[in-house]
Amino acid sequence: MGTISRRTFLKGTGAAAGTLAAEELLFGKGKSLLPVARGEAATPEPAESWAYSACWIGKQDCGLKARRFGDRVVKLEGNPAHPRNVGTLCPKGMAQISALYDPNRLRRPLIRTNEKGVPGEFREATWEEAIALVAEKIKAARAKDPKLVVWQKGRSKSSALYDTAFTAALGTEKLHHGAFCSDAGYRACEYTIGLNGVLNPDYRFCKLAIHWGYNLTAGGGNKLCWITFPRQFINARERGMKVVSIDPRRHGIGPHTDTWIPIRPGSDLALALALANEIVRLGTLDTEYLVKYTNAPFLVGEDGLFLRTGGKELVWDTATNSAKPFDAEGVSPALEGSYRVQGQNAKTAFELFKEHIREYTPEWAAGITDVPAEQIRELAKAIVDTAQIGSTIVVDGVEVAYRPVGIHTYHMAQQELGFQTVRAMLLVMMLVGAVGAAGGQLSDATWKIHANFEKFGTLKVSEPPYNIWLSNSKWFPINSNNTAVVSLVLQDPAKWGVEKLPEVMIVHMANPALAFGSQRDIVEGLKKIPFIVVIDPWLSKTADLLADVVLPASTLEKYEGPLAAGDIYTDAVALRLPLMKPLGESRSELEIYLDICEATGTLYGEKGYIDQINQALGLKDEFALPLDKKPTPEEIFDRWAKAQGLKEGLAFFEQNGVWVKGPVSPKKLYGWAAEPRFGGIRHRFYGESLLSAQRQMKAAGAEEWAWRDYTPFPTWRPPTMESSPREYDLYLISYKLIEFKQSRGHQLPLVAELAPKQHLWMNPRAAKERGLRAGDEVWVESHNAVTGETKRVRARVALTEGIRPDTVGLPHHFGGEARHPWAADDGPGAASLYYTGPGYIQMTADQSFHVKVRVYRAKEA
Amino acid sequence: MPKYAMTIDLSRCMGCRACMVACKVENNTPEGQFWMYVFRLEEGEFPETRLTFLPRPCQHCDNAPCVKVCPVGARYKREDGLVLTDFQRCIGCRYCEVACPYGVNYFHWQSPKKGQYLKWGDDAEVRERAEREVPPWHNPDHDKRYGEERRLTAGAVHYKGVMGKCTFCVHRVEKGLEPACVANCPVRVFEFGDLEDPNSSVSHKLREATRFRLLEDVGTEPRVYYLNGQPPTGEHRQLDAVKGGKGE
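Going down the list, the sequences are from chains B and L.
Take the first sequence: its position 827, counting from 1, is numbered 903 in the numbering used here, and each next residue is one higher.
Take the second sequence: its position 83, counting from 1, is numbered 1049 in the numbering used here, and each next residue is one higher.
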């Protein structure tokens, strides 16, 4: 039956939309109507095909497959075989299809023609000219000192090729984004239990998950992220896992909690200490774990340092009633008590801990945290009861200690007392032996001891001059490497004891001018670097304000990897494969770096980029790339795949997208089951080296703000922001939204449409008290309690009962991320209101995302 | 003949709106049109605040008001349960939009090739790369006809002046695939299948969970069942309402 429909007829007469259609039909320029009449497609369709790749926009590199007709990609879907996302995509992953076609993407290199620090004026250049210019600057800087070239990453989609091999080939200084992410938590876990991670529960067996500031519904989990944690979480909920959510804001946990504890921002350390106090008072502790696997039984002398004989820490042996080395044959250490040893009154570290936390009662904490004492007691009891101290289960044939309670925390670590707060959380979990137990407290995907554990055991403060991130300085013996601190240094190097200042910066998949807490300092500091290269698919805010050269990066049109693809329980690896030809002359970062190394004479030969790639990817013998021939990305990954034992090489990933290697052994995952247990180290219950570091810092003349938190046990003090004048009566918090990723989200219109404008989220009671209603334009003004400086931005009010009345929220991701029609005029970025410097950075140089603000209608002065 | 239905498990939903974006890419809907919409609802007063995330596709009602009011028979219900729009019959009178109590209908005020997020046609290189399709992710499935009735019923990029709404992805269902929202949900909120088949996923879910349907009292008899939750009430307030485009 097929049909000239009424609609086709109208088209033909030109009466409706489409004069062009009318012309085609009437003057025979276009398609015949006969195929339509027969119900056929007018022209033969391009062949449908599917191609595998990995998501580019987010953190997890979720496996995806692209539906194509000919060369045209029409949809992205999840790869069902990929353990992390199992055939699904989050809204960002689904929306990134527009990036493949976005006319606002950069097609050719740009060279700046005006001064930096203001919106850029650029001219287009060829790749030859741009690479030559970049190479010239790099060569000049390296000739003096390779560290005068700085590589600043935000996200790296191939740490082997970029973070390791490229920076090694050039010998650059490396900066990253961890200080704005969760690195204070990483440092706390590296220090205490030797793992490179923050905290997440073993959802497979967990019975009580404590989500501490963890933004489940939007992102921000420990190491993994969307999609994997929500999947594991929801399955655990279905199994009956209980959840307690500790968060000033409700939305992070959504409906998925049994209890919401809306804690006062910045008081988390007080809550953790009170939980420890109550658990110790209840008296049910994992004594075996504390005695055998931590330094809690070690004897501490009157000077706060461990007592030692022959370099070995001493314990009080209850069998012989004498002090013995901790690893003496048949020793039976006391966990508590005071003893006379080496002419001193010595106490076990645990005894000192009991004294230390004595004042930190739930009643004390209630006043600080605004959490009722009874609720604190209930939570402590739930932790103890759920922990089932002493029990075990069998996992894949291996008997593992079973303590099915765990904390999930990550970005919450980036507050002024974050390092000690995460340490305090660890101590709480250590009291019940949950660290590294089945169902309990995990930190890294495998129980591998990080080099920082040993390094942090003997912290040393060195003499100036310091490098630009003040490594080993008198201010930050533990130092996460913070670009905001670098920006302070660049503004006043003499003050910070820095002499060598960078000459070239390469910015890789990062938008520091927008996102790195304290926007003003970042721009003022970084603009002092003489030559900045930004690699980005769009003209990001950072490129706009700070780039001398912008190199256009491709998105899903490149090879990258190897990409970790495991979900904690299953091990897997994947690659990013190009789905289309690059748009314009955009290129992969890998190809850009091969060119830069070639042009700077650092590509070929020993220690060149090719050699570094061989080492970073483990390419040996017949798989090693020859050091005298410039490789293509395909050659690199084909060799890598074959070196893994995949005979088909790259074709394996073209056909499957991901290589699933199999289940992770419980011996690798759980510290209790590792051989040796916990990697053979003693967990640092007592932080002796923190005390030693404090003494060195004082002796070196560091200011109090730097050394005051270097204490062996986490110690409460009110955050600096609490000293702001009383009119700054609201806490400002920031958080991620599920629609966006870091500072590259608004460039995807399909998600930008879901959250086009920034809002200041307020509790209706707080709004009413200030005469404000939803939609009102307000000034949000922050105050630096140390310097007295204030900053303010304009935003529109949105109301929610899901936030404390004394707290307002300004989400991340806004502020004009790039020159893009969907990113313009979207409202202020949160980082425009935070500070960096004393009181607003941590003892580990990590950023603090807390500040006090006041909010008032925008019409007032 | 299958009797298609959808279940939506409210105890699983994270409110991420991936289903909204998956639907949009699959069906090529323009700015401001959300054939799948997710409500982020809040109720209660701090600190007794509660959140509910509620995905709302077309309900494909057995007693569909939109079918009853369509003057030209463009809106019709198939034997398998899908309620569809024949874009070539539709005259854009918008009676279905008025009649539907769920607000799932969208009128194409302009050509659906306008308001497609970016200016795809202005740039020669982009135009060629997209093979002149607007949006570039134009889904060729929509150019085909579906059902024994052979009607043009899939996707959004057809004509100015007609209605659009969720089709349960008729073009996917006829290929034995799940609707895009169902297939893509990161935490498997949705199931879709045959109510007449006791072993279908929807039958399983309906046996094991409490359920409600939206606006049960008005007698529309939806084919969408909400599990493990409570119907929204007048006490619920919407957060993060999506108006469409770059607006507020």
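Simulated from the structure, these hints should not be mistaken for laboratory data.
A portion of the hints provided could be inaccurate.
[Said to hold, decoys possible] Reference excerpt, derived from the structure (chain B facing chain L, CB under 7 Å, subset only):
(1) Ala171
(2) Tyr177
(3) Ile814
(4) Val862
Cβ atoms here follow ideal geometry from the backbone N, Cα and C, with glycine treated the same way.
Tyr177/B was flagged as interface toward chain L. Is the shortest Cβ-Cβ separation under 7 Å?
With Cβ-Cβ at 4 Å, under 7 Å, it holds.
Is the shortest C-beta separation between Ile814/B and chain L less than 7 Å?
Result: holds, 5 Å to nearest chain L Cβ.
Next item in the hint list is Ala171/B. Is there a CB on chain L closer than 7 Å to its CB?
Holds: closest Cβ of chain L sits about 5 Å from Ala171/B, inside 7 Å.
Hint check: is the beta carbon of Val862/B less than 7 Å from a beta carbon of chain L?
violated (31 Å)
Checked against the numbered hints above, the structure breaks only hint 4 and satisfies the rest.
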